[in-house]
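A.B. asks: Spelled out, the chains give:
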Amino acid sequence: DTGVSQDPRHKITKRGQNVTFRCDPISEHNRLYWYRQTLGQGPEFLTYFQNEAQLEKSRLLSDRFSAERPKGSFSTLEIQRTEQGDSAMYLCASSFGQGHGYTFGSGTRLTVV
Amino acid sequence: EDQVTQSPEALRLQEGESSSLNCSYTVSGLRGLFWYRQDPGKGPEFLFTLYSAGEEKEKERLKATLTKKESFLHITAPKPEDSATYLCAVQLNSGGSNYKLTFGKGTLLTVNP
Numbered sequence: 013d014t015g016v017s018q019d020p021r022h023k024i025t026k027r028g029q030n031v032t033f034r035c036d037p038i039s040e041h042n043r044l045y046w047y048r049q050t051l052g053q054g055p056e057f058l059t060y061f062q063n064e065a066q067l068e069k070s071r072l073l074s075d076r077f078s079a080e081r082p083k084g085s086f087s088t089l090e091i092q093r094t095e096q097g098d099s100a101m102y103l104c105a106s107s108f109g110q111g112h113g114y115t116f117g118s119g120t121r122l123t124v125v
Numbered sequence: 006e007d008q009v010t011q012s013p014e015a016l017r018l019q020e021g022e023s024s025s026l027n028c029s030y031t032v033s034g035l036r037g038l039f040w041y042r043q044d045p046g047k048g049p050e051f052l053f054t055l056y057s058a059g060e061e062k063e064k065e066r067l068k069a070t071l072t073k074k075e076s077f078l079h080i081t082a083p084k085p086e087d088s089a090t091y092l093c094a095v096q097l098n099s100g101g102s103n104y105k106l107t108f109g110k111g112t113l114l115t116v117n118p
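Keeping their order, the protein sequence lines are chains A and B. Here the first sequence is numbered in this note's numbering, starting from 13 and rising by one per residue. Here the second sequence is numbered in this note's numbering, starting from 6 and rising by one per residue.
FYI, nobody ran anything at the bench for these hints, they're computed from the structure. Mixed in with the good hints there might be a few duds.
Unchecked claim - Taking lysine-lysine and the DSS-like style, the derived pairs with C-alpha atoms no more than 25 Å apart in a straight line are:
{"id": "1", "chain 1": "B", "residue 1": "Lys105", "chain 2": "B", "residue 2": "Lys47"}
{"id": "2", "chain 1": "B", "residue 1": "Lys47", "chain 2": "B", "residue 2": "Lys73"}
{"id": "3", "chain 1": "A", "residue 1": "Lys83", "chain 2": "B", "residue 2": "Lys62"}
{"id": "4", "chain 1": "B", "residue 1": "Lys110", "chain 2": "A", "residue 2": "Lys69"}
{"id": "5", "chain 1": "B", "residue 1": "Lys62", "chain 2": "B", "residue 2": "Lys73"}
{"id": "6", "chain 1": "A", "residue 1": "Lys69", "chain 2": "B", "residue 2": "Lys105"}
{"id": "7", "chain 1": "A", "residue 1": "Lys26", "chain 2": "B", "residue 2": "Lys47"}
{"id": "8", "chain 1": "B", "residue 1": "Lys64", "chain 2": "B", "residue 2": "Lys110"}
Computed from a predicted model, the values in this text were never measured in an experiment.
Turn these sequences into a full structure, and let the hints guide you.
C.D. replies: Right, here's the structure in full:
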């Protein structure tokens with residue numbers, strides 16, 4: 013399967029704990045994106061990488077959120093001191109160049125209890 | 006502020022009953038309009054990209070059209086397997102944000118047998 017892979021698929025954590033999600037994009041895609049989706053809403057942009065450089069972070073990303081893409085390959089999204097409001101589906105997508113449709117992964121469903 | 010509005014929020018059809026979903030947008034400098042299908046618990050699946058007014062694209066029972074202010078997704082003789090949430094997203098031409106997608110909230114389509 014050469015699609016976008018996300019791990020884990022589901023994560024339940026207690027409030028205040030740290031969590032980390034991983035995304036493996038399609039290998040020839042140089043652009044990687046993180047989006048967040050809550051129930052009944054469309055995905056919202058969080059951050060964008062071109063190769064290993066993080067070029068934009070949404071104001072939705074508080075300082076508790078950090079994302080990395082070492083060597084322009086896989087990416088991780090870490091949330092520190094989780095809050096109930098962080099409960100959502102976290103989607104990763106990748107693309108090659110601009111003006112092309114993204115390929116999304118299946119997402120990581122985070123539940124903070 | 007750039008906006009993407011989808012209507013209706015939910016649509017219930019009988020198998021074989023054709024209909025259309027609407028996506029209206031108020032943005033300055035549209036680069037592309039994207040349609041995605043999303044099944045419960047999964048990431049969005051790319052369907053179409055439209056770039057200019059008058060453009061049309063088709064795939065099986067789906068046909069997407071674009072005007073200067075809105076896009077329609079026409080579903081001809083739908084089947085129960087077409088049941089999903091259909092998401093519309095826009096990508097802008099403007100300088101530094103020409104990679105971001107801004108999504109609408111989606112239309113939940115249910116096709117009854």
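A.B. asks: Please go over all the hints and tell whether each is borne out by the structure.
C.D. replies: Results for each hint:
Only pairs whose Cα atoms come within 25 Å are accepted, and B:Lys105 paired with B:Lys47 is accepted, the gap being roughly 20 Å. Restraint check for B:Lys47 and B:Lys73: not satisfied, since their Cα atoms lie roughly 31 Å apart, outside the 25 Å limit. Proximity of A:Lys83 to B:Lys62 is assessed by CA-CA distance (about 37 Å); at most 25 Å being required, the pair is judged violated. With a CA separation close to 22 Å, the supplied pair B:Lys110 and A:Lys69 stays within the 25 Å bound.
Under the criterion of a C-alpha separation no larger than 25 Å, the hint pairing B:Lys62 with B:Lys73 is consistent with the structure, at around 16 Å. For the hint linking A:Lys69 to B:Lys105, the alpha-carbon distance of about 11 Å falls within 25 Å, and the restraint holds. About 24 Å separates the Cα atoms of A:Lys26 and B:Lys47, which keeps this hinted pair within 25 Å; it holds. A threshold of 25 Å between alpha carbons decides the hint, and for B:Lys64 with B:Lys110 the separation of about 22 Å falls inside it, so the pair holds.
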